[in-house]
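Undergrad: Listed below, chain by chain, are the residues.
There are 2 protein chains.
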Amino acid sequence: MHVVHTINEVRAAVAAARKAGKTIGFVPTMGALHAGHGSLVQKARSECGYVVVSIFVNPTQFGPTEDFSKYPRTLGDDTTLCAAMGADCIFAPAVEEMYPEQNLSWVDVEKLSEGLCGASRPGHFRGVTTVCTKLFHIVLPDIAYFGQKDAQQAAVLCRMVSDLNFPMQIKVCPIVREADGLAMSSRNRYLSQDDRRRAVCLYQALCLCKQQVEKGVVSVSDLVRQISEVLTAAGGAPDYISIVDAKSLQPLHVIDRDALIAIACRVGPARLIDNMLIFLNPLRFQL
Amino acid sequence: MHVVHTINEVRAAVAAARKAGKTIGFVPTMGALHAGHGSLVQKARSECGYVVVSIFVNPTQFGPTEDFSKYPRTLGDDTTLCAAMGADCIFAPAVEEMYPEQNLSWVDVEKLSEGLCGASRPGHFRGVTTVCTKLFHIVLPDIAYFGQKDAQQAAVLCRMVSDLNFPMQIKVCPIVREADGLAMSSRNRYLSQDDRRRAVCLYQALCLCKQQVEKGVVSVSDLVRQISEVLTAAGGAPDYISIVDAKSLQPLHVIDRDALIAIACRVGPARLIDNMLIFLNPLRFQL
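Going line by line, the protein sequences match chains A and B.
For the first sequence, the working numbering gives the first residue as 9, with consecutive numbering after it.
For the second sequence, the working numbering gives the first residue as 9, with consecutive numbering after it.
If you're looking for bench data, these hints aren't it; they were derived computationally from the structure.
Wrong hints could be hidden among the right ones.
Copies of the same chain are indistinguishable here, so a pair counts whether it falls within one copy or spans any two.
As the list claims (entries may be wrong) - Okay, derived cross-link-like pairs now, DMTMM-like style, lysine to aspartate or glutamate, Cα gap no bigger than 25 Å in a straight line:
#1 Lys27 <-> Asp264
#2 Lys119 <-> Glu109
#3 Lys27 <-> Asp116
#4 Lys255 <-> Glu105
#5 Lys78 <-> Glu186
#6 Lys255 <-> Glu109
#7 Lys179 <-> Glu109
#8 Lys179 <-> Asp203
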């Protein structure tokens, strides 16, 4: 497995693989990799001839009061995991390599970026779509893999690729969870032992919601209240609890179509997110 | 020469050319082609193995009160010109092919888009950068060719390609003029015989400016006043007369670096633009 740090190096590696007739799979990450990322690399490995993982903590998607400087950086461990999962190349650029001068060009996805995490993290998705555009142009993948854990990010990027005719597809892969149900996240490292026990409340709230929907509850306000009770009883501080159209991410009053239940909740020092998809006809869930 | 109307067709044509080892040259246009466009096609022909011209009057770069619906559409003549200049393929999509659903994804280039035509045409450059991103992703050229006539457009697109790491380059080609100096433009068709005589005032004003700079005048306010007098004496109504840094497009007070003199002026029913580059060290001009 190659580890490269410059745009020219990764372009040369991909061009050689392409010339050898291989399809290119790409897993963009911010590092601090866990089994969720691992599942994306494995999926890419199973479908593509050449697999690139990027590791870049992107400053433009962090707000001024957010955790950019203390975001975990673990390139040694990340390299081990990527090699074990079968990646061919890690692209780990410095900030100056990705942003050699002041960036003036931005990609924005209206509406889909505005609610949920977009409301509490202004500018976040503009940073994500812009850096993904840059990375897609550098790596030129056939398929890029993202996790359903960041549901809004996945919806925003799928729409961007479609609207702007990127010559590639995005595949969104299921959430990977710890044994007790906590969704894997690089930010779980911020949790104390006590916080870690509490953090399962996001998953428990989603499971309760699932049971309620199975029982026939379709009122969004009823479901949100019950979710809120579970989170606050565990000592969590909800940032938002939203039930939205699964595709447009516009708010729903009743669950009368495929829906996304999305939660952001502070537990100790960490802001955690989790979500569940509800598909009607026939009723099924993706937790 | 092929004329195709769908994204799949132009992608297939380009992929076949690429497979045959050819480089791809691309000239994006809104049709109503004239000798200025012709010079871009010829330049592409001389440098690339396969030349694509797109003809698409892009609705998202016109304001609500602008001339989208009456913009000239002359596909027959355009095809003849492209064939004569050696193009291999015309891509002429319908609006529904380029925008099959409401477009939510936009590319913006801050600062460079804000002055000059950006100030009088809000949203114009966002439409240009967005449609060019789409076209670049569809055609996947090695080189795209634009005219210096639209100086701000060229600066904005060069910055976009650089900031967002598009895997291609942009070449900006000199303005092509009528015998009397009027810059070639599709909008010259809007001019009556009388307007057409007056329209040369933009070129005359730029020539006067060049003479003044050669004489040592470096005060932007003095130069702007003299340009304004030429335009209004001819019956033109200036929209803006701007002297800006040639690269950043930020306003100058004195010409102490490479500069762009840019004019937008109404003559009869048409809003015409023209410009001149001033290079210091040694002093030379590109009119």
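Undergrad: Now, for every hint given, state plainly whether the structure supports it.
TA: Evaluation of the provided hints:
1. Proximity of Lys27 to Asp264 under the C-alpha cut-off of 25 Å is found in neither arrangement, the shortest distances being 49 Å within a copy and 49 Å between copies.
2. In the homo-oligomer, the alpha carbons of Lys119 and Glu109 lie at most 25 Å apart only across protomers (14 Å), although the nearest pairing inside one protomer, at 29 Å, exceeds that limit.
3. Taking the shortest Cα distances, Lys27 and Asp116 never come within 25 Å of each other, neither inside one copy (33 Å) nor across copies (34 Å).
4. In this assembly of identical chains, the alpha carbons of Lys255 and Glu105 lie at most 25 Å apart only when taken from different copies (22 Å versus 35 Å within one copy).
5. For the identical chains of this complex, Lys78 and Glu186 are intra-copy neighbours only, at 23 Å inside a copy versus 61 Å across copies, given an alpha-carbon limit of 25 Å.
6. For the homomeric pair Lys255 and Glu109, the shortest alpha-carbon distance between copies (14 Å) is at most 25 Å, but the shortest distance inside one copy (36 Å) is not.
7. Within a single copy, Lys179 and Glu109 get their C-alpha atoms only as close as 32 Å, which misses the 25 Å cut-off; across copies the closest is 21 Å, which meets it.
8. Proximity of Lys179 to Asp203 under the C-alpha cut-off of 25 Å is found in neither arrangement, the shortest distances being 32 Å within a copy and 56 Å between copies.
Going through the hint list in order, the structure does not satisfy hints 1, 3 and 8.
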